[in-house]
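Residue numbers (our numbering), protein chains in the order written: chain R, 1 to 405; chain U, 406 to 810; chain V, 811 to 948; chain P, 949 to 1086.
In short, the hints are calculated from the structure, not lab data.
Here the structure is a predicted model, which is why all the values come from computation and not from measurement.
Accuracy of the hints is not assured; some may be wrong.
Stated by the list, open to error - Keeping only pairs whose Cα atoms sit at most 30 Å apart, straight-line, the calculated DSSO-like set for lysine-lysine is:
no., chain 1, residue 1, chain 2, residue 2
1, P, Lys1058, U, Lys488
2, U, Lys540, R, Lys238
3, P, Lys1054, U, Lys479
4, U, Lys644, U, Lys488
5, U, Lys704, U, Lys483
6, U, Lys564, U, Lys733
7, P, Lys980, R, Lys398
8, R, Lys74, R, Lys239
9, R, Lys262, U, Lys546
10, U, Lys479, R, Lys18
11, U, Lys443, U, Lys412
Stated by the list, open to error - Away from chain U, derived, C-beta distances all over 10 Å, residues of chain P:
no., residue
12, Gly950
13, Val954
14, Glu961
15, Glu977
16, Leu984
17, Lys990
18, His1006
19, Asn1010
20, Asn1012
Note that beta-carbon positions come from the ideal geometry of N, C-alpha and C, so glycine has one too.
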Amino acid sequence: MTLDVNKIRNDFPILKRKVNGCPLVYFDNAATSQKPSKVIASITDYYENYNSNIHRGVHTVSQEATDAYENARKKIQKHFNAKHSEEIILTSGTTHSINLVANGFTSLLNSDDEILISELEHHSNIVPWQMMCEKNGAKLKVIPLKDNGELDYESFLKKLSNKTKVVFVNHVSNALGTINPIKKIISESHKLGAAVLIDGAQASSHLKADLQDLNVDFYTTSAHKLCGPTGIGMLYGKKEWLEKLPPYQGGGEMISEVTFEKTTYAELPNKFEAGTPNIVGAIGFGNALDYLNEIGFEKIEAYESELLDYATTRLKNIPNLKIYGEAKNKTSVISFNIGELHSYDLGTILDKYGIAVRTGQHCAQPVMDFFGISGTVRASFSFYNTKKEIDYFYESLKKAVAMLS
Amino acid sequence: MTLDVNKIRNDFPILKRKVNGCPLVYFDNAATSQKPSKVIASITDYYENYNSNIHRGVHTVSQEATDAYENARKKIQKHFNAKHSEEIILTSGTTHSINLVANGFTSLLNSDDEILISELEHHSNIVPWQMMCEKNGAKLKVIPLKDNGELDYESFLKKLSNKTKVVFVNHVSNALGTINPIKKIISESHKLGAAVLIDGAQASSHLKADLQDLNVDFYTTSAHKLCGPTGIGMLYGKKEWLEKLPPYQGGGEMISEVTFEKTTYAELPNKFEAGTPNIVGAIGFGNALDYLNEIGFEKIEAYESELLDYATTRLKNIPNLKIYGEAKNKTSVISFNIGELHSYDLGTILDKYGIAVRTGQHCAQPVMDFFGISGTVRASFSFYNTKKEIDYFYESLKKAVAMLS
Amino acid sequence: MGIIEVQNEIIDEFSLFEDWMQRYEYMIELGKSIELIESSKKIDSNLIKGCQSKLWLHAELNNNKLIFKADSEAIITKGIAAVLLRVFSNQTPEDILNANLDFIDKIGLKEHLSPTRANGLISMIKQIKYYALAYTKN
Amino acid sequence: MGIIEVQNEIIDEFSLFEDWMQRYEYMIELGKSIELIESSKKIDSNLIKGCQSKLWLHAELNNNKLIFKADSEAIITKGIAAVLLRVFSNQTPEDILNANLDFIDKIGLKEHLSPTRANGLISMIKQIKYYALAYTKN
Ligand SMILES: Cc1ncc(COP(=O)(O)O)c(C=O)c1O
Ligand SMILES: Cc1ncc(COP(=O)(O)O)c(C=O)c1O
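Same shape as in the complex, but just chain R (with noise of 0.2 Å):
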């Protein structure tokens, strides 16, 4: 059975919007997903209906709120299937989940130490670290990036060591598309003792993470990235390291007793849910997790690998165009260059066709460095996207060459 892509894209108002009078085709999905008619109204009820600030609250009200609220988190939970409930910390997004853990190892790691990163992160999984490294001294190795878009494994076992003591990767590069092989990232990690943090920004999406199988230590994804809101992600970590790190931020919530003298924790989760959370965020990341499963993730991904595989094929037919990242497991997006053109000139162009792409180094730097480019035009296609928008971007690319050369 496949996806009813007709009966998908109703569930999505933007879909139906033109921009500069052709009808939005939107391709910029690895920066953020649309949101379906279901979870903007999830976030409509909860303001119509049931606001209200949460935990404490001994009324209906804030009742229900807490409920909702603490309802999404075992939603979520259940999806990634974490162990405990109180695995998962609702933040305001990964790039906050990965500063929230780059802060606690900061106390954890002296300079004898090394973290191994890969040269395919989002600089939200690179900068973190390096402003850790500054406060404990800890040396930061780099997973080097093979031609075709994959990292490369032997080094990665070469530079893993004892020393190691936590190993960084996204599931998925933003940039390239690029499905890492975190599975025996992780194994072979935890063989030397190293902790092991995913950023599933841009996986949570495209596939479903089973984090108990992988046997992750931390994981972090956006809300915004999954059909979600903004301004909502999480932080999932193993119960054993979450109360291992020291809290982040300071403030309600995350208290059970507050002296001028003495200030004492709370318990998982709220130790690292300081201050009102974003509880509308929750509410409708729940949902939005609802919804795609509802479709289901094995539709979702034969669906867009099918979606990429044609794309692949079209590009390809364009002279001078060059794809950068064509791992053998990679998520619906690609990222390429024609000839000396600038990105910037393309996704101007394309634009003016209606069709929305990204341009430019798409927040990983180094991964552009590696290729000597200032950056690329990067399609990202959805489950919601059709072949028939791929024709139109195919044919919109060849008249924006046209023009452009």
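Using the hints, position chains U, V and P with the ligands against chain R.
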């Protein structure tokens, strides 16, 4: 001209709902405010029509989202009369804002320095500073409370010295409603070279702070307290200060160059806005301010103080009712206990009558310790509440007392 | 009396009431007759978590029956505790472990069953079952 | 020719085009004839911020007229720069400072006027006016 509360109530969909068979009487405004249709509609509009990741996006939808996000920043700047728009940092809320500043001061202070904090503070303005003191050894001094719920201003002057580097006070206390004399506190602190952070979370829905006139160094608030969405808030910082503070979180947007050897940070405000922000949150925040300004803060203040006086007078008729905090200047918050009755019991029975109040310690344990109590019932009124609701509250409260005694 | 009999008795009693007010008044009444925990046992380790008012619970095995004692600062919470103790105190650990909790719904306290509810009902039940488990294992 | 005359000339030229494609093609053509900045001047201090493609701008005073030179990696940006340079290069600092920018709207580039636009048009205009200000003060 006074405020037309019946017209205003129509703007708030939730006010039509029933709780336990009775019309909802929402007196938990100090915890979070309700949202007018205009704000809710702006959220739906974003998701249905121009949802996109912002900055660096060449395509139209991204451009529209970026413009709306930056336009929200300008609305916030204008509302609070900040000098530069880049002095407005969009955060996930007050707690995040304060942690950002406390983190920044970690490397700027040492064990010779003192910080001065009021006994009236919310945990969010206590715990981050305790965490900072643990790292850099700075000493935390406390401005004590007086029995009427005001700060002991004489004691403040005595404790302030040229060792004092930062002073933190909330503009309005969430537990008692006290409006603190922040203008005087700021100018006295500046005389001795101390920076001042004012936590405006509880003030912003009641009064309009003019940041240039206050000459304050840092000011924070949360949108959810002022008819805006959850998961978004602001940190105002004087440009000189924000340039001095090191970045807080690392990630996308906040950098200008990233290599594994060296990363350089972006300019304000991006330096402090790592990762995909809560785009829809910012837009809703801006629209909430528009909504409040359309009503007008003079009218809001006048009406709310009428409600406060009315409710205070009525409540005082109840035998053994003790109000905590009767500062000359206070917002429409009444924190009270009745005889030996537990706040939880009163809150539970009031809920049965459809009345939402907050009970417990209101994230301000030091205030409760000061009064030697474990908590209070807190009824907090907003401009969409009515005297009729207060009458009903008064009658219900009497019934609750009868039941519980 | 066995657990089911006590539960049925309570359901019968509560079924006489027409509205929440009578139910609550009765529950508050029950709270007054609760078997109080000694003040020496009002220690942190006997505190139930997640309750806005302090709520203590203590258990002792006597003749293979668990005797519970409790107290709370809040009288509604104390009333809820009294209902639970009437059901579970003086029962065998095995019976407690196997007990069904439908009666809570049937006497109109279902709203209190949410795990996030600040009265600690769920935590109290968990703690009761936890004691029972601990004593069955021995 | 004064700034207003050049602006009117450009408006006339662009008014002939029926759609964005022709306008863009023309702008790209104009970009090819831009007065190029020397490579020695392609230094960081001449880079315009907020532009996704590198965009350099340099100014020199010659006979009380400002001579601008520019270049960009992206040809659309270069075209936009060419339009601006045609208007502002070889004009006095005073005239530049007083110049009105309506023509940008009239030639159909209004969409590029958003401060957040990644082509740096706004930043380029700011920089041009900034140079003009610097040279009027002297
Ligand atoms: C005075 C005061 N400070 C800080 C906060 C914390 O705000 P938030 O939970 O939105 O971060 C609150 C609200 O709870 C408050 O009332
Ligand atoms: C692989 C990867 N990591 C991290 C991030 C950062 O996520 P966010 O901006 O939601 O914090 C992104 C998205 O931009 C991403 O694609």
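Tested hints:
1. P:Lys1058 with U:Lys488: 28 Å, holds
2. U:Lys540 with R:Lys238: 26 Å, holds
3. P:Lys1054 with U:Lys479: Distance ~27 Å between lysine 1054 of chain P and lysine 479 of chain U Cα, so the pair holds.
4. U:Lys644 with U:Lys488: It holds: about 9 Å lies between the C-alpha atoms, which stays within 30 Å.
5. U:Lys704 with U:Lys483: 19 Å, holds
6. U:Lys564 with U:Lys733: Given pair lysine 564 of chain U, lysine 733 of chain U holds - Cα atoms ~23 Å apart, limit 30 Å.
7. P:Lys980 with R:Lys398: 21 Å, holds
8. R:Lys74 with R:Lys239: Cα-Cα ~15 Å, so holds.
9. R:Lys262 with U:Lys546: 13 Å, holds
10. U:Lys479 with R:Lys18: 28 Å, holds
11. U:Lys443 with U:Lys412: 14 Å, holds
12. Gly950: Consistent with the label, glycine 950 of chain P stays out of reach of chain U, its closest Cβ about 33 Å off (over 10 Å).
13. Val954: 28 Å, holds
14. Glu961: Its Cβ never comes within 10 Å of chain U, the nearest being 26 Å, so this holds.
15. Glu977: Nearest chain U Cβ is 21 Å from glutamate 977 of chain P, so the label holds.
16. Leu984: 24 Å, holds
17. Lys990: 17 Å, holds
18. His1006: 22 Å, holds
19. Asn1010: 32 Å, holds
20. Asn1012: It holds; asparagine 1012 of chain P is separated from chain U by about 33 Å at its closest Cβ, greater than 10 Å.
Violation of the numbered hints given earlier is absent; every hint is satisfied by the structure.
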